[in-house]
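Engineer: Chains as they are written, first to last, in my numbering: chain A, 10 to 413; chain B, 10 to 413.
To be clear, the hints were calculated from the coordinates, so they are not data collected in a lab. Accuracy of the hints is not assured; some may be wrong.
Simulated crosslink set (DSBU-like; lysine-lysine; CA at most 35 Å straight-line) [to be verified]: (1) Lys-101(A) - Lys-40(B); (2) Lys-236(A) - Lys-364(A); (3) Lys-222(A) - Lys-289(A); (4) Lys-354(A) - Lys-394(A); (5) Lys-90(A) - Lys-289(B); (6) Lys-236(A) - Lys-394(B); (7) Lys-354(B) - Lys-40(B); (8) Lys-364(A) - Lys-94(A); (9) Lys-90(A) - Lys-231(B); (10) Lys-409(A) - Lys-394(B); (11) Lys-364(A) - Lys-205(B); (12) Lys-205(A) - Lys-132(A); (13) Lys-289(B) - Lys-295(A); (14) Lys-394(B) - Lys-101(A); (15) Lys-295(A) - Lys-364(B); (16) Lys-101(B) - Lys-94(A); (17) Lys-132(B) - Lys-40(B); (18) Lys-132(B) - Lys-409(A); (19) Lys-295(A) - Lys-94(B); (20) Lys-90(A) - Lys-295(B); (21) Lys-205(A) - Lys-394(B); (22) Lys-295(A) - Lys-231(A); (23) Lys-394(B) - Lys-289(A); (24) Lys-231(B) - Lys-295(B); (25) Lys-394(B) - Lys-394(A); (26) Lys-295(A) - Lys-222(B).
For clarity, every value in this text was computed on a predicted model and none was experimentally measured.
There are 2 protein chains.
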Amino acid sequence: MLHGKVLVAQGGGPTAVINQSMTGVVLEARKFRNVDLVYGAYHGVRGIINEDFLDLTQETSHNLEMVADTPSSALGSTRDKPDLKYCQEVFKVLQAHGIAYFFYIGGNDSSDTVRIVSEEARKAGYPLRCIHIPKTIDNDLVHNDHTPGFPSAARFVAQSFMGANLDNAALPGVYLAVVMGRHAGFLTAASALGKKFPDDGPHLIYVPERTFKVDGFLGDVKATMDKYGRCVVAVSEGIHDESGNPIITQLAKEIEKDAHGNIQLSGTGALADLLCQEIKDQLGIKRVRGDTFGYLQRSFVGCVSDVDQREAREVGEKAVQFAMWGQQDGSVTIQRTGFYSVDYKLLPLEAVAGKTRVMEDEFISASGTDVTDAFRLYLRPLLGKGMPDAFRLRSNRVPKVLGR
Amino acid sequence: MLHGKVLVAQGGGPTAVINQSMTGVVLEARKFRNVDLVYGAYHGVRGIINEDFLDLTQETSHNLEMVADTPSSALGSTRDKPDLKYCQEVFKVLQAHGIAYFFYIGGNDSSDTVRIVSEEARKAGYPLRCIHIPKTIDNDLVHNDHTPGFPSAARFVAQSFMGANLDNAALPGVYLAVVMGRHAGFLTAASALGKKFPDDGPHLIYVPERTFKVDGFLGDVKATMDKYGRCVVAVSEGIHDESGNPIITQLAKEIEKDAHGNIQLSGTGALADLLCQEIKDQLGIKRVRGDTFGYLQRSFVGCVSDVDQREAREVGEKAVQFAMWGQQDGSVTIQRTGFYSVDYKLLPLEAVAGKTRVMEDEFISASGTDVTDAFRLYLRPLLGKGMPDAFRLRSNRVPKVLGR
Chain A
10 MLHGKVLVAQ
20 GGGPTAVINQ
30 SMTGVVLEAR
40 KFRNVDLVYG
50 AYHGVRGIIN
60 EDFLDLTQET
70 SHNLEMVADT
80 PSSALGSTRD
90 KPDLKYCQEV
100 FKVLQAHGIA
110 YFFYIGGNDS
120 SDTVRIVSEE
130 ARKAGYPLRC
140 IHIPKTIDND
150 LVHNDHTPGF
160 PSAARFVAQS
170 FMGANLDNAA
180 LPGVYLAVVM
190 GRHAGFLTAA
200 SALGKKFPDD
210 GPHLIYVPER
220 TFKVDGFLGD
230 VKATMDKYGR
240 CVVAVSEGIH
250 DESGNPIITQ
260 LAKEIEKDAH
270 GNIQLSGTGA
280 LADLLCQEIK
290 DQLGIKRVRG
300 DTFGYLQRSF
310 VGCVSDVDQR
320 EAREVGEKAV
330 QFAMWGQQDG
340 SVTIQRTGFY
350 SVDYKLLPLE
360 AVAGKTRVME
370 DEFISASGTD
380 VTDAFRLYLR
390 PLLGKGMPDA
400 FRLRSNRVPK
410 VLGR
Chain B
10 MLHGKVLVAQ
20 GGGPTAVINQ
30 SMTGVVLEAR
40 KFRNVDLVYG
50 AYHGVRGIIN
60 EDFLDLTQET
70 SHNLEMVADT
80 PSSALGSTRD
90 KPDLKYCQEV
100 FKVLQAHGIA
110 YFFYIGGNDS
120 SDTVRIVSEE
130 ARKAGYPLRC
140 IHIPKTIDND
150 LVHNDHTPGF
160 PSAARFVAQS
170 FMGANLDNAA
180 LPGVYLAVVM
190 GRHAGFLTAA
200 SALGKKFPDD
210 GPHLIYVPER
220 TFKVDGFLGD
230 VKATMDKYGR
240 CVVAVSEGIH
250 DESGNPIITQ
260 LAKEIEKDAH
270 GNIQLSGTGA
280 LADLLCQEIK
290 DQLGIKRVRG
300 DTFGYLQRSF
310 VGCVSDVDQR
320 EAREVGEKAV
330 QFAMWGQQDG
340 SVTIQRTGFY
350 SVDYKLLPLE
360 AVAGKTRVME
370 DEFISASGTD
380 VTDAFRLYLR
390 PLLGKGMPDA
400 FRLRSNRVPK
410 VLGR
């Protein structure tokens, strides 16, 4: 085992359980005698560059447990996407502080950072163990059955649509909500788990794995209105036309791009508003309402899957165990082993880094606007205990007297 | 006691606990021998006009309890605002079906409907007991300490801001969210209950009880950014300029009005997007994100105050008791009697009908952008048991080595 300090950091978008992974790393790492101190970096790789470190060896295990149950990244995060030069700087700081173990909790961009830092250390002949710990509500890491953060966000989306469907049944019309997920439709598809009766919404689900055609969409909405007198729609923020252009670019005045060159999809209600306007204009439906779930779906306090919490904790703990007892760098992955159970494997960083998983074809219905039972079976155990349930009054119609 | 049938209906926007009140009416009414049958009307007064009735005497008490725990209006609702002629039609149907007791669960528009129907019955010499049961997430009924539905919606808003604040701390910038409430800022003000540490957001709260000036708003955001390096803002959908014009009218292409002549404020992200654009353009801040809580805040499944559930049930039960043992029509109101306890009073319909309560001055800080401790003390017990709590890591900075 290497002797030195441990550094843990969090990257990318926060999740409801990312602090479970951080706590898993810290508590497990503090048990090892070859570990001098456990540091946390504020705001991910940016905090490393700035030597913005926190000594987590002096944090109480009690408070770490409380933080573990708190959503969002307690160490702060960053949207920086490091290039080679950036990673070289990261490596220099790790070296200067005598870091022997580097754990980075994040999505596919973060895993790529770990990969480059790992290579730099190897090239420099510096003994550094680098482990990527998975996290993303988008569920888009390859070689993972699913990723920590996704189950809780999925639960939020399912519960949201359960309520929105009830609301729409009470005051009929079209209700449309935009869900996060740039390339992968998993989170949008989770809306289907809010459904109980056959006529419940969401009646239509649009994921980025299928091309979005405005005409087809309008036809689907009209058909649903004709059938049920109301329509609930789940739309991924990442829907795009045949050329791959996001539908939102058709309307946004000013397109904002992040450091990764990605167009800003969240933090604006523009897509929902555009689609609602189309429905009003083209179909002449009056009551059309659009919501954008926005940041609530990844940081809402009080809608967490216990399965997600447990697994997020375990990937952190396993990361330390892989680092201590293993001989190589890698990315911790979640493998499903039963209905329902999982195990964790350390895969080479190159296998996961920078790659994007999208929804498998078997999860999307032939119509392209619904999920399959295979998807329901896949997702249900992840949502955890105590999922709410919606009940309705049974019909016992009273005969009319006036009958006007 | 009058002999005949009982009719219960639900009006206006759904809430998380409105079915508690319906269940309270049905279960209590079914105990009385002078009650032949208990009917529910589908979709409020519109269902009455259409004789669209459900026999709730044939519903199991078990399923009624399950429905009570389900958000949104199980009987359906309506946005119809009845005029005199409409109410006369309502009265005719009630008479034709031998209704002796009419219970309408709703906000101030609904209470006005009950008032007119009550008058029509009196004029016709028809023995009809009419009771209004309070419900509104806006908390804007006069003579009520608060209204059923508000506490659960307030809890959703507080929990949402608790999470949004953590998210904003992890990835700093400006986060702004628009909350429901046309005239009353109670729900927007509830965002303050998500705050724990002095530097937590929401840092700024804008309610319709104060005039909204774009310049002042931008100055407030800038000052907060200078102080904390980030800014979380809660904005009521009902904010307006000095002339009382909604801020949203400054931008919306097409203004939609409902049957009450009200401009559509919900179901669009336009206001949040406008304000975010102003911040970007005028202050040059790059990371500005806007959410609109939309319909989630009134129908989310799984974020309910137990105090709200209990009281919503009680106003339904009390309504029947007032109707059976009392001698007059009226509106059930909630009176606070302790810290924390309530009692219920039946007030004349004219005292409540069509009137709007707004936030008392003592609840709004002198700055106009925060709440007072009096408001915190008022709201906290309503949120109920098991409010989540957010924890953060304690600071133990590590000295820099490179110190670049």
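Engineer: Each hint needs a verdict: does it hold in this structure or not?
Structural biologist: Outcome of the hint check:
1. For a cut-off of 35 Å, the pair hint linking Lys-101(A) to Lys-40(B) is broken: about 78 Å separates their Cα positions.
2. Between Lys-236(A) and Lys-364(A) the CA atoms are separated by roughly 41 Å; this puts the pair beyond 35 Å, and the hint is violated.
3. Pair hint Lys-222(A) plus Lys-289(A) holds up; C-alpha atoms about 17 Å apart against a cutoff of 35 Å.
4. Of the pairs offered as hints, the one joining Lys-354(A) and Lys-394(A) holds, with about 25 Å between alpha carbons and a cut-off of 35 Å not exceeded.
5. About 23 Å separates the Cα atoms of Lys-90(A) and Lys-289(B), which keeps this hinted pair within 35 Å; it holds.
6. With a C-alpha separation of about 42 Å, the suggested pairing of Lys-236(A) with Lys-394(B) is violated against the 35 Å cut-off.
7. Restraint check: the Cα-Cα separation between Lys-354(B) and Lys-40(B) comes to about 22 Å, which is no more than 35 Å; the hinted pair holds.
8. Between Lys-364(A) and Lys-94(A) the CA atoms are separated by roughly 21 Å; this keeps the pair inside 35 Å, and the hint holds.
9. Distance hint between Lys-90(A) and Lys-231(B) is fulfilled; the C-alpha atoms sit about 28 Å from each other, no more than 35 Å.
10. Our distance criterion of 35 Å between C-alpha atoms is broken by Lys-409(A) and Lys-394(B), whose separation comes to about 45 Å.
11. A C-alpha spacing of about 39 Å is found between Lys-364(A) and Lys-205(B), which places the hinted pair above 35 Å, so the restraint is violated.
12. Restraint check: the Cα-Cα separation between Lys-205(A) and Lys-132(A) comes to about 56 Å, which exceeds 35 Å; the hinted pair is violated.
13. Between Lys-289(B) and Lys-295(A) the CA atoms are separated by roughly 33 Å; this keeps the pair inside 35 Å, and the hint holds.
14. Restraint check for Lys-394(B) and Lys-101(A): not satisfied, since their Cα atoms lie roughly 50 Å apart, outside the 35 Å limit.
15. Only pairs whose Cα atoms come within 35 Å are accepted, and Lys-295(A) paired with Lys-364(B) is accepted, the gap being roughly 28 Å.
16. Taking the CA atoms of Lys-101(B) and Lys-94(A), the gap is about 81 Å. The hint is violated against a cut of 35 Å.
17. Simply put, Lys-132(B) and Lys-40(B) have alpha-carbon atoms about 30 Å apart, close enough for the 35 Å limit, and the pair holds.
18. Simply put, Lys-132(B) and Lys-409(A) have alpha-carbon atoms about 25 Å apart, close enough for the 35 Å limit, and the pair holds.
19. Only pairs whose Cα atoms come within 35 Å are accepted, and Lys-295(A) paired with Lys-94(B) is accepted, the gap being roughly 25 Å.
20. The straight-line distance between the Cα atoms of Lys-90(A) and Lys-295(B) is roughly 17 Å, inside the 35 Å bound, and the hint therefore holds.
21. Simply put, Lys-205(A) and Lys-394(B) have alpha-carbon atoms about 28 Å apart, close enough for the 35 Å limit, and the pair holds.
22. A threshold of 35 Å between alpha carbons decides the hint, and for Lys-295(A) with Lys-231(A) the separation of about 13 Å falls inside it, so the pair holds.
23. Our distance criterion of 35 Å between C-alpha atoms is broken by Lys-394(B) and Lys-289(A), whose separation comes to about 42 Å.
24. Proposed proximity of Lys-231(B) and Lys-295(B) is supported: the alpha carbons are some 13 Å apart, at most 35 Å.
25. Between Lys-394(B) and Lys-394(A), the direct Cα distance comes to roughly 19 Å. Compliance with the 35 Å bound is thereby established for this hinted pair.
26. Distance restraint check for Lys-295(A) and Lys-222(B): the Cα-Cα separation of roughly 32 Å lies within the 35 Å cut-off, and the hinted pair is therefore satisfied.
In this structure, the earlier hints numbered 1, 2, 6, 10, 11, 12, 14, 16, 23 are contradicted, and the remaining ones agree with it.
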